Each structure stands twice: as C-alpha cells, then as structure tokens.
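Q: Sequence:
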Amino acid sequence: LGIDQRPTVNDITQGSFKSRRYTSSTSKHPNETTMTENGSSNEKDVVMVTGGSGLVGQAIKTYVEESGAKDNEEWVFLSSKEGDLRDRKATEAIFDKYKPTHVIHLAAKVGGLFANMAQKVEFFRENILINDNIMECCRIYKVKKLVSFLSTCIFPDKTTYPIDETMLHDGPPHPSNEGYAYAKRLIDTLNRAYAEEYDCNFTSIIPTNIYGPHDNFNIQNGHVIPGLIHKCYLAKKNNTPFTIWGSGTPLRQFIYSSDLAELTVWTMREYHSPEPITLSVDEADEVPIKDVALAVAKAMEFEGEIIFDTSKADGQFKKTAANGKLRKFRPDYKFTTIDEGVQKSVDWFLENYETARK
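Per the working numbering, the sequence shown runs over residues 144 to 501.
Since the hints were made in silico from the structure, they are not lab data.
Just so you know, nobody snuck in bad clues.
Think about it this way: if two alpha-carbon atoms lie no more than 30 angstroms apart in a straight line, the pair counts; the simulated DSSO-like pairs of lysine-lysine are:
no. : residue 1 : residue 2
1   : K287      : K213
2   : K433      : K501
3   : K477      : K204
4   : K501      : K263
5   : K455      : K379
6   : K263      : K461
7   : K287      : K224
8   : K204      : K240
9   : K380      : K455
Okay, the calculated beta carbon distance ranges per label pair:
no. : residue 1 : residue 2 : range
10  : M260      : R335      : 29 to 35 angstroms
11  : D457      : E426      : 17 to 23 angstroms
12  : L394      : E483      : 16 to 22 angstroms
13  : K224      : D482      : 35 to 41 angstroms
14  : S416      : D482      : 30 to 36 angstroms
15  : P384      : K471      : 44 to 50 angstroms
16  : E444      : L394      : 25 to 31 angstroms
17  : R231      : K461      : 39 to 45 angstroms
Please read these numbers as outputs of a predicted model, since none were measured by experiment.
Glycine is no exception: its CB is placed at the ideal position from the N, C-alpha and C atoms.
All chains, full assembly: derive it from the sequences and hints.
A: Spelled out as structure tokens, the structure:
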C-alpha cells in the first residue's frame with residue numbers, strides 16, 4: 144500500500160473487543176434516565192466506539208476525556224476480547240450489555256497489499272459480516288446515530304482528481320483490494336437503504352491519510368509518517384543515514400488523529416445525512432513526502448545524512464480528495480499543521496517507545 148493510508152490491523156481489528164468506559168458525569172447504569180431540576184427527564188446518551196483501542200479510537204477517547212464529552216454522555220471504547228463482531232449473537236450480547244444510543248464504527252478486517260490480494264474472499268466476507276451485524280443491531284436496538292468509517296482506497300481505480308463523495312461508485316476499485324473495497328462500499332449503499340426503509344440515521348466518514356499517537360510504527364507494515372518516524376529514530380540511534388524510499392515527490396493529504404477525532408464527534412452530533420462526508424485537510428495543504436520526511440528529521444533532531452532512494456517506486460503521484468462538503472459546515476475549522484502534528488507524533492513515539500506498536 145506504500146504511502147496510502149488506511150487504518151491499521153491493530154487500530155481497526157477483526158472484531159474482538161474488550162470495553163473501556165469513560166463517563167463525563169456520574170451514572171450507575173448505561174442509558175439511565177435522570178430528572179432535571181424542573182422535573183423533566185434527561186436520558187443519558189451512551190456512545191459505543193468499536194475498534195476503540197487503536198489510532199482513531201484512542202484519539203477519540205483523548206478528545207472526549209479532555210474536552211469533548213457532554214454532561215449527558217457516557218462513552219464506551221471496545222477493544223479485544225469483548226466479543227467477535229463477525230458473530231451475530233456475540234454482537235447482540237455487546238448491544239444488550241451497553242445499550243448504546245450512538246455508535247462510531249471503526250472495526251474491520253484490514254491488512255496490507257499482499258494480504259488483500261491473497262484473501263479477497265475473507266476480506267469481503269468478514270467485513271460484510273461485521274458491518275451487517277453492527278448495522279442491523281443498530282436498527283434493532285434503535286440506535287439514534289451510527290457513524291461508520293470508509294477509506295479513500297475504496298474509490299474507483301481509474302478516476303479524476305480531486306475525488307469527492309459522489310464518485311465512490313463510479314467504477315471498480317483497484318483489483319488488489321476489491322474484496323475489502325466492495326464490502327466497505329456497501330456500507331454507503333446500506334446507509335441510504337436503512338434511511339429509506341427504516342428511517343435510520345446512519346452515515347459514513349471518508350478520512351484521508353491519518354497519523355498521530357497510538358499509530359503502528361512498523362517500518363515494513365506501517366504507513367508513511369509512523370514508518371518514517373521509526374526509521375529516523377533508528378538512523379539517529381545507529382548513526383546511519385535516514386533513507387526514504389522513492390523520490391519524495393508524491394503528494395498526500397494528512398490529517399492529524401486528534402483533528403479527525405474532533406470532526407468525527409461533530410459528525411455524530413451534527414451531520415445528519417446518509418451521504419458520506421470526507422474529513423480531510425484542504426487541497427492546498429497537500430504536501431510532498433519529501434517535506435514530511437524533513438519535518439520528521441527536524442522533530443527528531445536528526446542531523447545526519449538524508450537519502451532519497453529513487454530505486455524504490457514512488458506509487459501514485461497524487462490522490463487528492465476534495466473537502467468542500469465539510470467546509471460548507473465548518474468553513475473556519477483550523478487543522479493541525481503537518482509540522483505541529485509530526486512534532487506531536489514524534490514526541491509521543493519517543494515517550495512511549497517501549498510500548499508503541501512497531
């Protein structure tokens with residue numbers, strides 16, 4: 144997958160979860176009803192996040208803990224061993240236990256290029272099972288809002304740029320990940336179908352390249368920014384050159400995980416349409432990989448030699464996404480700059496090196 148971004152295996156897992164809760168105010172039971180001073184009822188909203196232990200889930204948790212929770216909200220973050228979301232009974236047990244009123248659905252079976260090519264049936268079937276169980280349980284348990292995550296890698300292989308939400312089904316995806324891509328595309332199809340038939344408030348988010356704390360910093364299997372951070376760390380430690388694969392010229396849009404977390408919570412609360420919404424920095428904020436690598440070196444205080452290995456393939460030159468729909472709702476939203484986000488990511492990696500995924 145090179146420098147393309149999709150949530151990592153540990154971020155968005157295959158469907159086993161163990162819960163972790165955060166409550167913004169004291170409560171004894173999920174979804175309980177309390178009485179206000181004037182005698183009116185105040186039902187508590189229970190927001191359940193599947194895949195809550197990874198990059199995006201942890202960013203949402205941090206945002207909620209620091210500033211994002213409302214007084215009537217309880218947040219449940221699911222991680223491994225709570226139950227297998229591929230299994231309907233296990234999924235129903237989770238809904239019975241937590242009685243969510245809102246769901247942010249990050250969980251999926253994901254993998255790298257070669258896994259996607261070798262296991263197209265499994266990537267399709269397991270994601271279909273997970274998504275069907277979550278969506279149907281949201282209907283049965285009368286969940287007020289479901290927000291699911293899609294990916295730019297599920298767009299048509301042959302398309303024009305910038306891509307936007309209306310182009311999702313305009314052609315087949317790249318053959319290498321068509322099992323995963325078609326399963327994900329069907330979330331969008333079913334969001335509209337559930338709205339039409341059952342009046343469900345289901346929608347989806349299309350993020351661009353995500354990075355930040357709790358990322359997967361594996362050099363071989365991680366994505367571009369965490370991979371560069373780990374590679375630069377080792378170059379500094381071993382006093383060797385910091386080598387970047389490719390020329391560094393391809394352009395990408397990167398969104399810092401805390402920005403995505405804040406906008407995801409906003410989507411849950413304020414964006415009420417079954418049509419997907421792209422959460423991305425502006426087109427003008429596309430950056431060359433070379434600039435990202437130099438930002439990593441600066442943040443790491445690396446003063447050694449920097450080499451761009453042009454014998455390695457660059458991949459697609461650009462995959463620009465338009466965020467016009469987001470800007471209609473949030474015209475003044477200020478994204479974290481790439482320099483600031485990279486510095487925060489490097490600082491987190493250094494502080495958590497022993498336990499970071501790598």
